[in-house]
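> Just so you know, the protein sequences line up as chains A and B, in that order.
If you're matching positions, the first sequence starts at 173 in this note's numbering and goes up one per residue.
If you're matching positions, the second sequence starts at 8 in this note's numbering and goes up one per residue.
Please keep in mind that the hints were generated in silico from the structure rather than gathered at the bench.
For clarity, every value in this text was computed on a predicted model and none was experimentally measured.
There could be a bad hint or two in this list.
[Claimed, not checked] Over the 12 Å line for every Cβ pair with chain B, so calculated as not near, a few chain A residues:
| # | residue |
| --- | --- |
| 1 | T205 |
| 2 | D219 |
| 3 | P247 |
| 4 | I276 |
| 5 | Q277 |
| 6 | E335 |
| 7 | D432 |
[Stated by the list, open to error] In silico SDA-like links for lysine to any residue, alpha-carbon gap of 25 Å or less:
| # | chain 1 | residue 1 | chain 2 | residue 2 |
| --- | --- | --- | --- | --- |
| 8 | A | K226 | A | A292 |
| 9 | B | K11 | A | N348 |
| 10 | B | K10 | B | L43 |
| 11 | A | K226 | A | E400 |
| 12 | B | K10 | A | R341 |
| 13 | A | K225 | A | G334 |
| 14 | A | K226 | B | E83 |
| 15 | A | K250 | A | P181 |
| 16 | A | K225 | A | P181 |
| 17 | B | K10 | A | N329 |
| 18 | A | K226 | B | R65 |
| 19 | B | K10 | A | K250 |
| 20 | B | K151 | A | R333 |
| 21 | A | K225 | A | G379 |
| 22 | B | K11 | A | G379 |
| 23 | B | K151 | B | T17 |
| 24 | B | K10 | A | T182 |
| 25 | A | K250 | B | K151 |
| 26 | A | K226 | A | V383 |
| 27 | A | K225 | B | T22 |
| 28 | B | K151 | A | S183 |
All C-beta atoms in this analysis are idealised placements derived from N, C-alpha and C, irrespective of residue type, glycine included.
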Amino acid sequence: MRDFEYDAPTSLADALALLERHDGRARPLAGGTDLIDHVRTGRLAPDLIVDVKKIAELNRLELSKNGLRLGAAVPCFKIYGNPDICRLYAALADSCRIIGGIQIQSRASVGGNLCNSGPAADSTPALIALAATAVIAGPKGQREVPVESFCTGPSRNVLERGELLVELRFPARPANSGSHYRRFIPRNEMDIAVVGVGASVVLDSTGQKFVSARIALGAVATTPLFAEEASRLLAGMPVDDSSITRAAEAARSIAKPIDDMRGTIEFRLHVTKVLTERVLREAVARARAQK
Amino acid sequence: MAKKRVVTTTINGRTTEFLCEPRQTLLEVLRDVLDLTGTKEGCSNGNCGACTLLMNGRPVDSCLVLALEADGAEIETIEGVAPADGLHPIQQAFLEQAALQCGICTPGFIMSAKALLAENASPSEEEIRFYLAGNLCRCTGYDKIVRAVQQAAEMRQEARF
């Protein structure tokens, strides 16, 4: 593997100073499941690797009445190992359970999945569906970016030189809400999404009407997509097949997938609609079960 | 070249110090520096699970861990599994069920199976298959491995380990 230096700062300030001093030649390391492979293959060539797992802010996993704060370096297994997160932020836990195998889940973080910015990243549609905000620290201070605006292209995102993703913040889940993430793959596990869909819904107290919804798509464009129109169409609508089908059709209409070995454009468009319907139905069932 | 560093870790219950470069993975150090060659190198990109070991009780692909990250950690490798007087029940079950042929994937499977049974004493077949999905075997077709883990779970239930 390429020669590099390694540092494991224990404070956010030290980490930021290291990133700034190495001006674009340093890379943060959380779980390393993408980074170490990319350095080995030469896709990335850092001079310094900054292990961020010893920084308290990046290890946060705090659930309160104000919502969820998820440190950028928290590994997947800690997320689905928390029963309250599984119940309240189910789409997030769903995605963490299917990222790689168990060995990957022991190390890989949702923050790293987001920063790697793959179009098929499993956790990103879940983050978008759950209205997460990325908290970024850098030489000019701290800023917040809604997750749907974070990725700008394959392996590209809004992070500027010297900036570090610190945490993801999720608003509190309202009553009668439910969420789900699911992907289509030809195997049962250990595969990259052909299409992935995350959705969250809020129902009225009778469970018969959508108050609001958020739908997000993965693997059907150069970045994960927030299906804004599809989400808006559900607000105020009865929970029935026609509302769900209309939203799924709107979601399909924004998909711009590619043809590749995992699926054709035609197939991916079809799966986008079918999967959106199924994910919405599961999110509804979970919202109703919250009562 | 980046300077070598000293890492202090616990491997199979024994405090171990080693020198390594930042770019060396835990897998490389185990095999090339510490002569612990039971952990196998397969794909070296986190797909096959041949290099699985337990780090602070969690199964990880040691090809995707920098050796420096092991500083202060508890590491358990296949060399630490068998007691002095024989085999661990998971190993015994793998033998009895003929759950290996070439054997390259076996240490990784045994480490993952050990982590599974520590978490879930009586996993269903589906749970076993899902948990072991990060370990690839090109010989057995997996059925025998699943049976071996089921047998090991039964042995564990009978308080044999």
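> Which of the numbered hints are not met once you compare them with the structure shown?
1, 2, 3, 4, 5, 8, 9, 11, 12, 17, 19, 20, 21, 22, 23, 25, 26 and 28
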